[in-house]
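Whole structure, please, built from the sequences with the hints as guidance.
In case you want the letters, here they are:
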Amino acid sequence: MDKRKRSFLKVAGSSIIGVLGLGWVRPVTAAQVPGATRKPVEALTGKRLALAVDVKKCSLEKGCSACIDACHSRHNVPTQLQAEEEIKWIWKETYEHAFPTQAHRYTESTLKQQAVLVLCNHCENPPCVRVCPTQATWKREGDGLIMMDQHRCIGCRYCMVACPYGSRSFNWQDPRRSLGDQLNREYPTRMKGVVEKCNFCAERLVFGEEPLCVAACRSKSQALLFGDLEDPDSEISKTLKERHSIRRKPALGTEPQVYYLV
Amino acid sequence: MLEKALKGSPNYWGGLGILGVVMLIGLGAYLKQYDEGLTVTGLSRDIPWGFYIAQFTFLVGVAASAVMVVLPYYLHDYKAFGRVTVIGEFLAIAAVSMCMLFIFVDMGQPLRVLNLMLYPSPNSLMFWDFVVMTGYLLLNVVITQVTFGAERKGVAPPNWIRPVIILSIPWAISIHTVTAFLYSGLEARAFWMTAILAPRFLASAFASGPALLIILCTLVGSQTNCQIGGKAIQKLRQIVTYALAVNIFFVLVELFTGIYSHIPEHMEHFQYLFFGLEGRNALVPWMWTSQVLGVGALVLLLLPVSGRNQRVLLGVCVAVITSIWIEKGLGMVVTGFIPSPLGGLMEYFPTVPEILISLGIYATGLAILTVLLKIATTIREELETA
Numbered sequence: 001m002d003k004r005k006r007s008f009l010k011v012a013g014s015s016i017i018g019v020l021g022l023g024w025v026r027p028v029t030a031a032q033v034p035g036a037t038r039k040p041v042e043a044l045t046g047k048r049l050a051l052a053v054d055v056k057k058c059s060l061e062k063g064c065s066a067c068i069d070a071c072h073s074r075h076n077v078p079t080q081l082q083a084e085e086e087i088k089w090i091w092k093e094t095y096e097h098a099f100p101t102q103a104h105r106y107t108e109s110t111l112k113q114q115a116v117l118v119l120c121n122h123c124e125n126p127p128c129v130r131v132c133p134t135q136a137t138w139k140r141e142g143d144g145l146i147m148m149d150q151h152r153c154i155g156c157r158y159c160m161v162a163c164p165y166g167s168r169s170f171n172w173q174d175p176r177r178s179l180g181d182q183l184n185r186e187y188p189t190r191m192k193g194v195v196e197k198c199n200f201c202a203e204r205l206v207f208g209e210e211p212l213c214v215a216a217c218r219s220k221s222q223a224l225l226f227g228d229l230e231d232p233d234s235e236i237s238k239t240l241k242e243r244h245s246i247r248r249k250p251a252l253g254t255e256p257q258v259y260y261l262v
Numbered sequence: 263m264l265e266k267a268l269k270g271s272p273n274y275w276g277g278l279g280i281l282g283v284v285m286l287i288g289l290g291a292y293l294k295q296y297d298e299g300l301t302v303t304g305l306s307r308d309i310p311w312g313f314y315i316a317q318f319t320f321l322v323g324v325a326a327s328a329v330m331v332v333l334p335y336y337l338h339d340y341k342a343f344g345r346v347t348v349i350g351e352f353l354a355i356a357a358v359s360m361c362m363l364f365i366f367v368d369m370g371q372p373l374r375v376l377n378l379m380l381y382p383s384p385n386s387l388m389f390w391d392f393v394v395m396t397g398y399l400l401l402n403v404v405i406t407q408v409t410f411g412a413e414r415k416g417v418a419p420p421n422w423i424r425p426v427i428i429l430s431i432p433w434a435i436s437i438h439t440v441t442a443f444l445y446s447g448l449e450a451r452a453f454w455m456t457a458i459l460a461p462r463f464l465a466s467a468f469a470s471g472p473a474l475l476i477i478l479c480t481l482v483g484s485q486t487n488c489q490i491g492g493k494a495i496q497k498l499r500q501i502v503t504y505a506l507a508v509n510i511f512f513v514l515v516e517l518f519t520g521i522y523s524h525i526p527e528h529m530e531h532f533q534y535l536f537f538g539l540e541g542r543n544a545l546v547p548w549m550w551t552s553q554v555l556g557v558g559a560l561v562l563l564l565l566p567v568s569g570r571n572q573r574v575l576l577g578v579c580v581a582v583i584t585s586i587w588i589e590k591g592l593g594m595v596v597t598g599f600i601p602s603p604l605g606g607l608m609e610y611f612p613t614v615p616e617i618l619i620s621l622g623i624y625a626t627g628l629a630i631l632t633v634l635l636k637i638a639t640t641i642r643e644e645l646e647t648a
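Keeping their order, the protein sequence lines are chains Z and L. Numbering-wise, my numbering puts 229 at position 229 of the first sequence, and it's gapless, one number per residue. Numbering-wise, my numbering puts 405 at position 143 of the second sequence, and it's gapless, one number per residue.
Quick caveat, the hints were computed from the structure, so don't treat them as lab data. We put the beta carbon where it would ideally sit given N, CA and C, even for glycine. The reader is advised that the hints may include incorrect statements.
[What the hints assert, rightly or not] Which residues of chain L face chain Z? A few of them, derived with a C-beta cut under 10 Å, are:
id : residue
1  : Leu305
2  : Ile309
3  : Met369
4  : Gly370
5  : Gln371
6  : Leu373
7  : Asn377
8  : Tyr381
9  : Asn385
10 : Pro526
[Said to hold, decoys possible] Derived SDA-like pairs: lysine to any residue, alpha-carbon spacing no greater than 25 Å straight-line:
id : chain 1 : residue 1 : chain 2 : residue 2
11 : Z       : Lys192    : L       : Phe392
12 : Z       : Lys47     : Z       : Glu235
13 : Z       : Lys241    : Z       : Phe207
14 : Z       : Lys192    : L       : Glu609
15 : L       : Lys294    : Z       : Gln80
16 : Z       : Lys112    : L       : Gly606
17 : L       : Lys294    : Z       : Asp174
18 : Z       : Lys112    : L       : Gly304
19 : Z       : Lys139    : L       : Glu449
20 : Z       : Lys112    : L       : Pro526
21 : Z       : Lys192    : L       : Leu376
22 : L       : Lys294    : Z       : Ala83
23 : Z       : Lys249    : L       : Ser523
24 : Z       : Lys112    : L       : His524
25 : Z       : Lys192    : L       : Gly304
26 : Z       : Lys192    : L       : Ile365
27 : Z       : Lys249    : L       : Ile525
28 : Z       : Lys139    : Z       : Pro188
29 : Z       : Lys249    : L       : Met608
30 : Z       : Lys62     : L       : Leu604
31 : L       : Lys294    : Z       : Glu196
Okay, structure coming up:
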């Protein structure tokens, strides 16, 4: 008997015993629901959550991709797709492409090709939210995160058309097929025909944990800062006051909340 | 009235049969797309909208153009359009049906399409497009039912229908305006971000729609005993001439602003469209064909020969439709994505399934139009012989 069949029978058998034997003895409590077993802790909140990328400290250039790997593997983002159908929550761009209006012909060629980390900007004025015909994407009250409901999304891709940063990806095919064994059972997979993007790890923030990219970078280059910009004492607020920072396509008025320290 | 569609000549059934086969092939291709996802299309990360949305855009124009016969007939009591009007309205019904099918096949999750109504979002132009398209379809169904029903009985249509008809005039303008706003309000896409887009859409629609009507009227005249009359055709020719001239003017206005200002974000798209960008030039031959056909048609329309010679006029009409179909159905949508906001230079080519699905939808629209025109012409023939 192959492994999959055996594990299926195990799960099926124990579920039947569970339902017959234990189900009526005592009601299922929240603690038994997978994922809800963690102790309640104080959530990581803020009035305007934002991310700062220290381009000088970041080691993307040296081949580091700890943040990208952490995000994509934990969020069940398939990584084997062709370039045209790629799904990217957080990825590497060249400076020239990330900041098309900043580069000029005399920009040092090293800077032009410098790797820059890009992701959803969680804009203050998000065009994607404005155009969504079903409110499947919205700006969260309280902390300003741009959220996504993949169960409501009809897959019209208007948000992708409206996003000036290419931060949204569409599931051109069933993503589960290319996930294989790397599946993380603690985070939902998506189905074909819906849009997805970075969610600033909303699922971790409720447990008081910082986003995966930030956590992954902490033990590497410490180039990512995440926090509340409305709190003047937060590390990110203080740093933005002290150092020069830029944002992608500021002239469009979308007010991106990912800042680049240069 | 529907029973009139059930009795017809071998030509009629043969035509419907061919359309039925094309529809079935399209359906087969769609089932493949439904099963595998939009990966069967040529669309990509950088180019999320393509052939389907472009056909939708072109057909909204065809639908809206009914106003070019409705307005003179009902508002100015222009009697010569008496027989053309219902053809225009039927064309609108067929075109709107195709528009809705094109939107439907473009959805990644088609079964959820009613979320548009469950979660109405007034800040989304797509929501408004859905509202105005549905409304326009209903308006035309009601108007044709009532007015044609009255004509059949030989009575005047009820008074309440007049305000409904008047309402359909601005409504027709609105469907193409809202469709233009779908594009022109996006800060991410400089190519579409121009106030001339909606007027341009309308001008091109009022050229291509009436050109199609001229062809349809000629066809109806040759296949049935319902003659439309030269006066109506000549008036339609005049409408096509003015609208085409205005459209060419609008294109030049847009080109001037886009190119003279020299803002790379605007200029690059035009460069891609007409000359190609870094070796990417799939649309270049198409766009020049479109320009040549457009200008050539305008010249012929201005010459008396297109008024005298029916064949020339029909050729000109085909040229106008082709020119505008290339402009909207091929060039306009995709070019907004090339180059991408990150400077990516990916091109787009529709795939075989994509084209088969599109042909299936066009066949569906043609079948709807054929059945509707069959009913109308049979009843008119009966009225005339009675």
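#### Entry: Unsatisfied constraints (hint numbers, rising)
13, 18
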